[in-house]
Amino acid sequence: GAGVSQTPSNKVTEKGKYVELRCDPISGHTALYWYRQSLGQGPEFLIYFQGTGAADDSGLPNDRFFAVRPEGSVSTLKIQRTERGDSAVYLCASSSKDNEQFFGPGTRLTVL
Amino acid sequence: DQQVKQNSPSLSVQEGRISILNCDYTNSMFDYFLWYKKYPAEGPTFLISISSIKDKNEDGRFTVFLNKSAKHLSLHIVPSQPGDSAVYFCAASARAGAGNMLTFGGGTRLMVKP
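As you go down the protein sequences, you meet chains S and X in turn.
If you're matching positions, the first sequence starts at 7 in the numbering used here and goes up one per residue.
If you're matching positions, the second sequence starts at 812 in the numbering used here and goes up one per residue.
Treat the hints with care, since some could be wrong.
Unchecked claim - For the chain X half of the interface with chain S, some residues (derived, Cβ under 8 Å), not all of them: (1) P890; (2) L913; (3) G917.
In case anyone wonders, no lab produced these hints; they're calculated from the structure.
As the structure is a computational prediction, the values presented were derived from the model and not from experiment.
Backbone N, C-alpha and C fix where the C-beta goes; we use that ideal spot for every residue, glycine too.
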């Protein structure tokens, strides 16, 4: 069965540019999470969707970050005016029940 | 302010011996704890979990121990195998809250030598 997929696997962009990162969760999973993992650290929570709505966006670092999940399946994380400090691996996870979250392979974002 | 800490960044163990990975937390609202394993270029993979109503959970070679009074948990791998070499993350959640977002420790890199 298909797991969580994320595209692109790698993204290199220039400072100030706009990027979109995509997550395809496991089919039927209603909960979707975005995390960010900086080098040498554990993943940090960004935002959580239950269905189409962002139930908790308290982890988004600032208003340059935004995420959508318009049909309750695929989600897109959008970063405006990228900065070098945004460079990290962005992980997506989905879940159908409490606590067991299945992670995708991540998108490695590099901002030059 | 790190709410979940893994104080050992790395651990080296001989094949066949026991690996013990430790994790400390500060938030008393956490009531569910998980261990994830991560290989390079892959996402974290769920390994084992424990609810705060238990003090031990075992699954094959993997056992997680929880000491609530000390706010400490540990993962035991016995016997350790070279394929266990990976980065292990401890994570915690407060299930009473909405969303069950996970708070992760910084990870411990386990190296099992043949």
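task = Have a go at the X/P890 hint: is there a Cβ in chain S nearer than 8 Å to its own Cβ?
result = Violated, because the Cβ-Cβ distance from X/P890 to chain S comes to roughly 26 Å (cut-off 8 Å).
key: Interface hint status, X/G917 versus chain S (Cβ within 8 Å)   = 5 Å, holds
ask   = Does the interface hint hold: is X/L913 within less than 8 Å of chain S, judged Cβ to Cβ?
value = Because about 6 Å separates X/L913 from the closest Cβ in chain S, which is inside the 8 Å limit, the hint holds.
The structure is inconsistent with hint 1 alone, although it conforms to all the rest.
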